[in-house]
Amino acid sequence: MSASTDRHEIQIYQLTVQEKIRFRKYEQHLVICGLCRPLHFLERHAAGALALKKQIQRPSVQRGIMCQFTSSLGRVRGTSGLGVLLADCTRSGTMFIKILWIGCALQLARAACEDGFKPNEEETQCKTPGCKTCTNPAKDNEVCTACAENKYLTPTGQCVDKCDKLGNYYGAADRKCKECTAANCAECSTDGSCQTCSNGFYKDSAGACQKCHESCKSCSGATNADCTACSAGKALKYGDDPTKGTCGEGCVQSSESGAGKCETCGLTVEGTKYCSKCKETSEYPQNGVCATKPTGRATASCKDSNIANGVCATCADGFFKMSGGCYSTSQLPGSTVCAQTQAGGTCKTSADGYKLDGSGSLVACPSNCKVCESDSVCTTCMAGYAKTGNSCTQCTSGCATCVPDATTCTACFAGYYLSKSKCIKCDADDGSGILGVADCTACTAPTSGTGSIICYAGPAIDSPTDDPSDPSTNKSSLSTGAIAGISVAAVVVVGGLVGFLCWWFICRGKA
Numbered sequence: 136m137s138a139s140t141d142r143h144e145i146q147i148y149q150l151t152v153q154e155k156i157r158f159r160k161y162e163q164h165l166v167i168c169g170l171c172r173p174l175h176f177l178e179r180h181a182a183g184a185l186a187l188k189k190q191i192q193r194p195s196v197q198r199g200i201m202c203q204f205t206s207s208l209g210r211v212r213g214t215s216g217l218g219v220l221l222a223d224c225t226r227s228g229t230m231f232i233k234i235l236w237i238g239c240a241l242q243l244a245r246a247a248c249e250d251g252f253k254p255n256e257e258e259t260q261c262k263t264p265g266c267k268t269c270t271n272p273a274k275d276n277e278v279c280t281a282c283a284e285n286k287y288l289t290p291t292g293q294c295v296d297k298c299d300k301l302g303n304y305y306g307a308a309d310r311k312c313k314e315c316t317a318a319n320c321a322e323c324s325t326d327g328s329c330q331t332c333s334n335g336f337y338k339d340s341a342g343a344c345q346k347c348h349e350s351c352k353s354c355s356g357a358t359n360a361d362c363t364a365c366s367a368g369k370a371l372k373y374g375d376d377p378t379k380g381t382c383g384e385g386c387v388q389s390s391e392s393g394a395g396k397c398e399t400c401g402l403t404v405e406g407t408k409y410c411s412k413c414k415e416t417s418e419y420p421q422n423g424v425c426a427t428k429p430t431g432r433a434t435a436s437c438k439d440s441n442i443a444n445g446v447c448a449t450c451a452d453g454f455f456k457m458s459g460g461c462y463s464t465s466q467l468p469g470s471t472v473c474a475q476t477q478a479g480g481t482c483k484t485s486a487d488g489y490k491l492d493g494s495g496s497l498v499a500c501p502s503n504c505k506v507c508e509s510d511s512v513c514t515t516c517m518a519g520y521a522k523t524g525n526s527c528t529q530c531t532s533g534c535a536t537c538v539p540d541a542t543t544c545t546a547c548f549a550g551y552y553l554s555k556s557k558c559i560k561c562d563a564d565d566g567s568g569i570l571g572v573a574d575c576t577a578c579t580a581p582t583s584g585t586g587s588i589i590c591y592a593g594p595a596i597d598s599p600t601d602d603p604s605d606p607s608t609n610k611s612s613l614s615t616g617a618i619a620g621i622s623v624a625a626v627v628v629v630g631g632l633v634g635f636l637c638w639w640f641i642c643r644g645k646a
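Numbering of the sequence shown is given in the numbering used here, commencing with residue 136 and proceeding in unit increments.
No lab work stands behind these hints: they were computed from the structure.
In this text, all values refer to a predicted model and were calculated from it rather than measured experimentally.
Built from N, CA and C at the ideal position, the CB exists for glycine as well.
There's no promise every hint is true.
Okay, derived cross-link-like pairs now, DSBU-like style, lysine-lysine, Cα gap no bigger than 35 Å in a straight line [to be verified]:
| hint | residue 1 | residue 2 |
| --- | --- | --- |
| 1 | K414 | K396 |
| 2 | K557 | K262 |
| 3 | K555 | K346 |
| 4 | K297 | K311 |
| 5 | K560 | K522 |
| 6 | K369 | K490 |
| 7 | K346 | K408 |
| 8 | K414 | K522 |
| 9 | K352 | K372 |
| 10 | K338 | K369 |
| 11 | K428 | K396 |
| 12 | K352 | K428 |
| 13 | K297 | K555 |
| 14 | K352 | K408 |
| 15 | K408 | K428 |
| 16 | K505 | K560 |
| 17 | K414 | K346 |
Label-pair ranges, simulated between beta-carbon atoms [stated by the list, open to error]:
| hint | residue 1 | residue 2 | range |
| --- | --- | --- | --- |
| 18 | A321 | K274 | 37 to 45 Å |
| 19 | A283 | S496 | 30 to 38 Å |
| 20 | S494 | N359 | 30 to 38 Å |
| 21 | D309 | Y373 | 40 to 48 Å |
Build the full structure now, drawing on both the sequences and the hints.
The structure is reproduced here in structure tokens:
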């Protein structure tokens, strides 16, 4: 490797294979620098400038020294007079850096880029946000072909952090957003198979979503004993398996005494009635059904000596008291109203839409209310609703969340973009400079606030895999008009030839 001390001459230093192997152990970018000031090296400061660092021992290469650069993005920028960047790093290759030291030779040093980067002599990086590689970078017809490690590539060449922005899409293992096409599936895995079936369907042994038994609202299998939730008015009757059961009638008030008989059906959860007081004084409501205290190894939900007059006074830890009975957060209807229990057999954290006081009285919040003070006073509404007085009003069309009122949107559903607190369909203009795109089904507004929307899904774009500069690549560059013109000309030529042949044979026949 040679170098020149002529301060006006530019030398290109090419690292040999042996040098690259020798420098690999440093696990960072290595640049062969100038011939002055031994035992110095250039350091990249946080501000991006290159500065001299004294008395740093590094193995020298002939009379030069090694300059060390670090960058997590695979690029080095010099902003001071000590060094300026000639070409940034892109994917798969090397990087060139121009280094100028005062009193030293003007030189051009070469260093290996990070894996997956190559020189970008024109300093034209991909402009698509989050894009790692693209065709036609920084041009109007730029197409992103791969996104940064924490992003996913959409069918329209955009990069997103989560594919559910597009609707029913999933993030595939190849870091692309793909539509979940499995039948009756609510969510797909990274390989495209169904992970979660839609309500009313269950996943069979082959991974396909099958319809639940007609008596079930949701299920884990095909039979009527595989129900995991029931329709309003029906109660889930658990069997030996504590996770599923059959759907039957809700609480039935009885005037007769007997085991399992209910005196008062005073609890209603999601349209289904449950018992609040049993006929037999030795029984109490357990998950809404009258039963005696279990014996043996079974866990009792009511504390000893607390069962009297068909109710439980104090529930055991791990359960919570509600309307005279004891309930579990792992079974219905308890799982619907309480998210977490606390010591003393009470509910610590109520589920959305409900409130439990210390005595175990259940309060159903107003419709579409998440947190309430009473059955008529709401403090926080569910997503998609805004608080209007003490009640909740649904957000305007296309609006996923709205604050402080129903017409002020803060987030939109797939198929809409947010513009001036309004949700506009992806194929529509907002009237203030943002333009919609026909057939687009998922989008966001442009960061500039004007121009076409950024379309995530809908009219898919072509993502060429061949190198357009490769002469062996067989691609047509003709426009639609040119192709049409050639087609017309071909028709004329063929028609003329047919006419000539007909004339020729007719004339020959007469002769």
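Checklist entry - Of the hints given before, which are not true for this structure? => result 3, 8, 17, 19
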